[in-house]
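**Q** Please model the complete structure; the sequences and the hints are all you need to start from.
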Amino acid sequence: MKNKLKTTALIAAIMLISFSFREETMLERKDTMIKAWERAKAYTKEYLDAATQEVYDFKPTPEMRSFAEQMQHLAVDNYKIVKEATAGVTTISNYKDIEKTPLKGKAEITDAVMESYDFAIVTIKNLDEAKWNISVKMFNRWETTVEDGLAKAFEHQTHHRGQTTVYLRLKGIKPPSEKLF
Numbered sequence: 014m015k016n017k018l019k020t021t022a023l024i025a026a027i028m029l030i031s032f033s034f035r036e037e038t039m040l041e042r043k044d045t046m047i048k049a050w051e052r053a054k055a056y057t058k059e060y061l062d063a064a065t066q067e068v069y070d071f072k073p074t075p076e077m078r079s080f081a082e083q084m085q086h087l088a089v090d091n092y093k094i095v096k097e098a099t100a101g102v103t104t105i106s107n108y109k110d111i112e113k114t115p116l117k118g119k120a121e122i123t124d125a126v127m128e129s130y131d132f133a134i135v136t137i138k139n140l141d142e143a144k145w146n147i148s149v150k151m152f153n154r155w156e157t158t159v160e161d162g163l164a165k166a167f168e169h170q171t172h173h174r175g176q177t178t179v180y181l182r183l184k185g186i187k188p189p190s191e192k193l194f
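Position one of the sequence shown corresponds to residue 14 (our numbering), numbered consecutively onward.
Possibly wrong hints are sitting among the right ones.
Straight-line C-alpha distance at most 27 angstroms; calculated DSS-like pairs for lysine-lysine [said to hold, decoys possible]: (1) Lys-144 <-> Lys-43; (2) Lys-43 <-> Lys-117; (3) Lys-150 <-> Lys-96; (4) Lys-138 <-> Lys-93; (5) Lys-113 <-> Lys-187; (6) Lys-192 <-> Lys-58.
If you're looking for bench data, these hints aren't it; they were derived computationally from the structure. These figures come from a predicted structure and were not determined experimentally.
**A** Okay, here's the thing in structure tokens:
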């Protein structure tokens with residue numbers, strides 16, 4: 014009985030260890046990335062909603078972007094970087110070039126930013142996960158994989174949303190609570 018119990022415990026431990034070290038499949042990684050983009054979209058929307066029109070127009074220093082310009086830049090590059098990361102490996106739909114479009118007002122900027130997240134999410138959903146390791150040359154300069162390029166796009170939007178925390182605080186607005194999960 015004692016040996017049977019030890020054997021059962023050993024088998025359970027081996028199964029637990031092997032499951033713990035199991036590598037995520039490409040489909041699981043794709044699903045994880047989609048969920049992260051959906052969470053980032055919701056988090057960014059909270060920032061957009063928290064800011065008043067005064068904050069949208071605010072520049073902490075003359076050489077800095079306004080809150081609105083930060084958010085437009087975030088949106089422009091959601092389109093650009095995701096497009097660069099996936100060009101040639103998936104069909105790009107609903108791409109918008111809003112870089113030189115003068116966006117006015119909170120509602121117009123919010124819509125543009127949310128649409129840029131929708132673009133990223135739809136593009137990733139339509140991407141065959143078997144193509145994630147394909148090498149791409151982004152902006153005719155950087156050689157990377159599709160997956161890494163998408164991670165760079167995610168990092169970029171996080172960076173610019175994070176910068177706007179200071180804008181809210183300088184105007185006496187408590188930023189939205191972090192959304193890690």
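**Q** Going straight from one Cα to the other, do Lys-113 and Lys-187 come out at no more than 27 angstroms?
**A** Measuring from Cα to Cα gives roughly 31 angstroms; hence the hint is violated.
**Q** Is Lys-144 within 27 angstroms of Lys-43, Cα to Cα?
**A** holds, 11 angstroms
**Q** Can you confirm whether the C-alpha distance between Lys-138 and Lys-93 stays at or below 27 angstroms?
**A** holds, 17 angstroms
**Q** Below or equal to 27 angstroms on CA atoms is what counts here, so check Lys-192 against Lys-58.
**A** Between Lys-192 and Lys-58 the Cα gap is close to 12 angstroms, so the pair holds against 27 angstroms.
**Q** Is Lys-43 within 27 angstroms of Lys-117, Cα to Cα?
**A** violated, 35 angstroms
**Q** For the pair supplied as a hint, Lys-150 and Lys-96, is the alpha-carbon distance within the 27 angstroms limit?
**A** The given pair, whose Cα atoms are some 11 angstroms apart, holds under the 27 angstroms limit.
The earlier numbered hints that this structure contradicts are 2 and 5.
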